[in-house]
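J.: Given next are the chains, with one letter for each unit.
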Amino acid sequence: MTKVADIALKVRSKNAGPFWVTIDVFCGSTQAYDQLRNALKTDAIAALYHQPTQLLKRFDIPDLNVIKFSFPRPVTQGHRTDRDMHGAQWSTLLAELAI
Amino acid sequence: MPTRVLIPSGVLCLGFDRAALARGVAAKPDLIAIDGGSTDSGPFSLGAGQSKYARSVTKSEWRELMLARAEAGVPLVIGTAGTCGADACVDWMFDITQEIATELSQSLRVARLYSGQPAARITDALAAGRIRPLTPAPEISAETLAQMTNIVALAGAEQIQAALNTGADIVIAGRTTDTAIIAALPLMRGDHAGAAWHGAKVAECGALCSTNPTSGVILVDFDSEGFTVEPLATGATCTPHSVSAHMLYENSDPFILYEPGGHLDVTQTKYTALDATRTRATGSKWVPGQYTVKLEGARAAGFQTTLIAVLRDAHYVANAQAWADKLHGFLTALIAKRMGLDAASYALDFRLIGVNAALGAMENRSGDPVEVGVLLIITAETQALASEIGKLANPHMLHYPLTENEELPTFAFPYSPAQSDRGALYEFALNHVLELDDPMSAFRLLVSEVNP
Numbered sequence: 011m012t013k014v015a016d017i018a019l020k021v022r023s024k025n026a027g028p029f030w031v032t033i034d035v036f037c038g039s040t041q042a043y044d045q046l047r048n049a050l051k052t053d054a055i056a057a058l059y060h061q062p063t064q065l066l067k068r069f070d071i072p073d074l075n076v077i078k079f080s081f082p083r084p085v086t087q088g089h090r091t092d093r094d095m096h097g098a099q100w101s102t103l104l105a106e107l108a109i
Numbered sequence: 047m048p049t050r051v052l053i054p055s056g057v058l059c060l061g062f063d064r065a066a067l068a069r070g071v072a073a074k075p076d077l078i079a080i081d082g083g084s085t086d087s088g089p090f091s092l093g094a095g096q097s098k099y100a101r102s103v104t105k106s107e108w109r110e111l112m113l114a115r116a117e118a119g120v121p122l123v124i125g126t127a128g129t130c131g132a133d134a135c136v137d138w139m140f141d142i143t144q145e146i147a148t149e150l151s152q153s154l155r156v157a158r159l160y161s162g163q164p165a166a167r168i169t170d171a172l173a174a175g176r177i178r179p180l181t182p183a184p185e186i187s188a189e190t191l192a193q194m195t196n197i198v199a200l201a202g203a204e205q206i207q208a209a210l211n212t213g214a215d216i217v218i219a220g221r222t223t224d225t226a227i228i229a230a231l232p233l234m235r236g237d238h239a240g241a242a243w244h245g246a247k248v249a250e251c252g253a254l255c256s257t258n259p260t261s262g263v264i265l266v267d268f269d270s271e272g273f274t275v276e277p278l279a280t281g282a283t284c285t286p287h288s289v290s291a292h293m294l295y296e297n298s299d300p301f302i303l304y305e306p307g308g309h310l311d312v313t314q315t316k317y318t319a320l321d322a323t324r325t326r327a328t329g330s331k332w333v334p335g336q337y338t339v340k341l342e343g344a345r346a347a348g349f350q351t352t353l354i355a356v357l358r359d360a361h362y363v364a365n366a367q368a369w370a371d372k373l374h375g376f377l378t379a380l381i382a383k384r385m386g387l388d389a390a391s392y393a394l395d396f397r398l399i400g401v402n403a404a405l406g407a408m409e410n411r412s413g414d415p416v417e418v419g420v421l422l423i424i425t426a427e428t429q430a431l432a433s434e435i436g437k438l439a440n441p442h443m444l445h446y447p448l449t450e451n452e453e454l455p456t457f458a459f460p461y462s463p464a465q466s467d468r469g470a471l472y473e474f475a476l477n478h479v480l481e482l483d484d485p486m487s488a489f490r491l492l493v494s495e496v497n498p
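Here the protein sequences come in this chain order: A and B.
Per the numbering used here, the first sequence starts with residue 11, numbered consecutively.
Per the numbering used here, the second sequence starts with residue 47, numbered consecutively.
Check each hint, because a few of them may be wrong.
What the hints assert, rightly or not - DEER-style ranges, computed between Cβ atoms:
1) B:Q429 to A:M11: 46 to 54 Å
2) B:P460 to A:Q64: 38 to 46 Å
3) B:S151 to A:L65: 51 to 59 Å
4) B:K437 to A:E106: 48 to 56 Å
5) A:R68 to B:A322: 29 to 37 Å
Stated by the list, open to error - In silico DSSO-like pairs for lysine-lysine, Cα to Cα no more than 27 Å straight-line:
6) A:K78 to B:K372
7) B:K437 to B:K372
8) A:K78 to A:K13
9) B:K437 to A:K78
10) A:K24 to A:K13
11) A:K24 to A:K67
12) B:K437 to A:K20
13) B:K316 to A:K67
14) A:K67 to B:K331
15) A:K24 to B:K98
Keep in mind the hints are simulated off the structure, nothing from the lab.
Ideal placement from N, C-alpha and C gives every residue a C-beta, glycine not left out.
Here chain B stands alone, though its shape is the one from the complex (with noise of 0.2 Å):
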């Protein structure tokens, strides 16, 4: 059965055309699917189990499409709600979902899916065999296992299938693939599987498929043999170029996208243009194979406190990587001595930002900048001991002089306190698949009545 999915955005929070969410709405959807997040931004989401937009946003673009599906009378699905889908995600954005029920007085049934993993079930998995890393893995344990903060595993389209067919008017689903939440209902419905999955992956960052990528909403129909994509936003298109060099984007390989149960294969795809605006996909491949789903996980490596240091003398410009360097030296000593800490313990990392801040050993061009900033990371146990060896640090990242005959130097600091406390830092710690015999094994659904 033909399968028609209105997709608001790439991302929720991301912002989206108002007129053109109305135009999705009047083409009769049978599902409005949005993304909640991904690993984008880093650890800290998973680690902290928060999301990395505001509340209010969140809220304020919630609503727009909680009063979209109201209308459209069919289902709405977030992914990786929170930005990581950690459970405590999920239950903040079930939270925001209820304060609108409320506020617009709408009676709904709300399924959660619960993608959180206890550090003992994957415990159990690695010991039993049914862990495989993925290239790279970092190497886990029992132990390593049970430091992470957040564990979570990539739901796929059996389990929104199983949200869907709990009749919920909102599936908020905690980590999911960004495809699923778009493949599950086409899979559902027949639709082939191909298709329903390579049309999920164009549609999953919104307009980022058409020739408009801010532009947002996009609206997907998917059948028998193919799919057909089109940008709801006026003068946005979707070309045979745009659609399939979306593959590309965040896709180590452009033709190959693994999914809980197979992969999707585009090799053969044949893109055609049916008009100005509209493209056209068959011959994508859908190879089933071991159901597994990928896992995520992140853990504390310590806490954080930084100072920037801006060197605007000329001599110091030119030398700061010599300042830096001696100024490192200089500081471990004086943390041995005062604080009586190995240096194996914590870590200074200096960042010579106008030399090589964002490239390190890969930067190959040098200049003559104006001005170096000295961006010190300082990482060290706790809270405490990292501002503690930041207050030892401040005074001589103002002070240091490159000499010992000269008149000390005075850097430029850029506000007061100079260092500010960062907080904990996360790692990304998995980079593996678990194996399922039941797709549900891993997952919980828990479905409310709200304002019923």
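Extracted from the complex, chain A is given alone in its bound form (with noise of 0.2 Å):
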């Protein structure tokens, strides 16, 4: 099976304030942009952090190969039941989700 993290150079993830999480296909070729693009689903990603899709914000970037995605953070950083202060982890899910 083939995941995210087997076509993408990278996926990275990281707080854009305390208030939201963004997350960052860097694909690194026009094919696999092209790929990765038409593969990674809005609805799929939502599902994947557990979060209603008209929240997430997607941003299909070819100059930069790039496919982006930024939501509310569900628990704001640092709240008692928050337990991933940075969000940095959050990538895991979707370098290795199945496509």
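Starting from the two chains in their separate frames, assemble the complex, guided by the hints.
T.: This is how it looks when you write it as structure tokens:
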């Protein structure tokens, strides 16, 4: 089974301020970008992060061969129930997603 | 007028390449600017009004920058001093600056820009309809605002310009936007506004916009049409790709950046490689808007005590979640019985390290770990109460059995005492903007002559 990480150069995530998290998929080539742009369905990404689709912002950026997803953090950074202060491990779910 | 800004690194205390800094000083910059923090590390710094970095490291790096400033003969600006930019952190940084100035026999004019907001000012603005929520915003009221230990407003270019206009050698600014300390001077000198903000955004993380992210030092030239960015470490290069990709970093929207008084739009920006190391960008657009400043606030949300037990017994490893759930129920009943505490007045959070500690309910993988670390985080109204609950939980974290008819198990405690008191827990409580008619009306400038 092919995972996103098998095709993309790198997948990273990070807070964009305390209330948002953003995930960047660096595809590395036009070919990988075209493949991932079609394979990554917005609904599936929202479901992966237990988010309503309408809260997910998606940017397909051909100049950079990057696909970017941003959504409000379900738990504010540093809240008692937050598990990842920087949101940096969230990328693993997308990297491991089977396509 | 073309403006050259030297950025030693993305944040003070992250280190920088000394030879590259010397090259930057030799290139005759008009300003040296460095960021002192952000919300990256979480709400503690703002909540407590403390820097997250060691004073010793802060002092040694700041000393090098103060020497670079003296050699260059231009102002040195730090934004978001002491990680969070609270007033106490500005004074902490001023104290360090005075110490170094005396050690180096430097005579300086130092401007302090305070970004701290009295709760009453924000409460009045809320009542006057001058506070707007961003998405998503916590609910706020006079009561929640009064509970915040620190509220800061993010200064923009105008407030930094006011500080520079005092003729200061050094500006120690409280909370500012990351970009304002870099954009202020080119904007003041009439360079292209879109380029000023965009160049500042590209350079605010230091060499992160280059192919050698840890090398630190970046030089940006601003002019009437665009900006040129150059990394100064040997071997580092800024390519159109590395520069344009930096707009992705920690930004929810890679094309738009909101600042006090408007926003930057880089949708039409053209990036060109000037040579092997430098990249030029033109076509960035500044769109003026209403003058608002973003607010950040933190409030205390209880006190914490933690315990860690490590399960290595294969049966317990396989049933770690069931064990933690059962123990949770047992402890809740015991706390009610022994301490008379209702479950709503405190919280027990179990994190299973080796199972789903990082992702919680989002975790979609399961494995067969060798061992599982069980982290119990206790949150209560006072430290004494959290600590007391920790002591109550201690023998059960060590010995709690899955079934009644088994010999009492004993798990691995990594240290003695098993519990650690963590002190206050803070949480971010504001994601709003404040409308201002006069940019300086929510900020305060204090100018001092050090060793006159």
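J.: Please go over all the hints and tell whether each is borne out by the structure.
T.: Hint check:
Between Q429 (chain B) and M11 (chain A), the C-beta spacing of about 49 Å keeps the proposed range 46 to 54 Å intact. Range check, P460 (chain B) to Q64 (chain A): about 45 Å between beta-carbon atoms, so the 38 to 46 Å window is met. At roughly 57 Å, the beta-carbon separation of S151 (chain B) and L65 (chain A) lies within the given 51 to 59 Å, and the hint holds. At about 41 Å, the CB distance of K437 (chain B) to E106 (chain A) disagrees with the hint of 48 to 56 Å.
Between R68 (chain A) and A322 (chain B) the C-beta distance comes to about 35 Å, which sits within the given range of 29 to 37 Å. For the suggested pair K78 (chain A) and K372 (chain B), the alpha carbons sit about 41 Å apart, so the restraint of at most 27 Å is broken. Annotation: proposed proximity of K437 (chain B) to K372 (chain B) holds, straight-line Cα distance about 18 Å (limit 27 Å). Only pairs whose Cα atoms come within 27 Å are accepted, and K78 (chain A) paired with K13 (chain A) is accepted, the gap being roughly 17 Å.
Taking the CA atoms of K437 (chain B) and K78 (chain A), the gap is near 46 Å; set against the 27 Å cutoff, the hint is violated. For the given pair, K24 (chain A) sits about 21 Å from K13 (chain A) by alpha-carbon distance, which is consistent with the 27 Å threshold. Proximity of K24 (chain A) to K67 (chain A) is assessed by CA-CA distance (about 15 Å); at most 27 Å being required, the pair is judged to hold. Proposed proximity of K437 (chain B) and K20 (chain A) is contradicted: the alpha carbons are some 45 Å apart, above 27 Å.
Proposed proximity of K316 (chain B) and K67 (chain A) is supported: the alpha carbons are some 24 Å apart, at most 27 Å. With a C-alpha separation of about 22 Å, the suggested pairing of K67 (chain A) with K331 (chain B) holds against the 27 Å cut-off. Restraint check: the Cα-Cα separation between K24 (chain A) and K98 (chain B) comes to about 19 Å, which is no more than 27 Å; the hinted pair holds.
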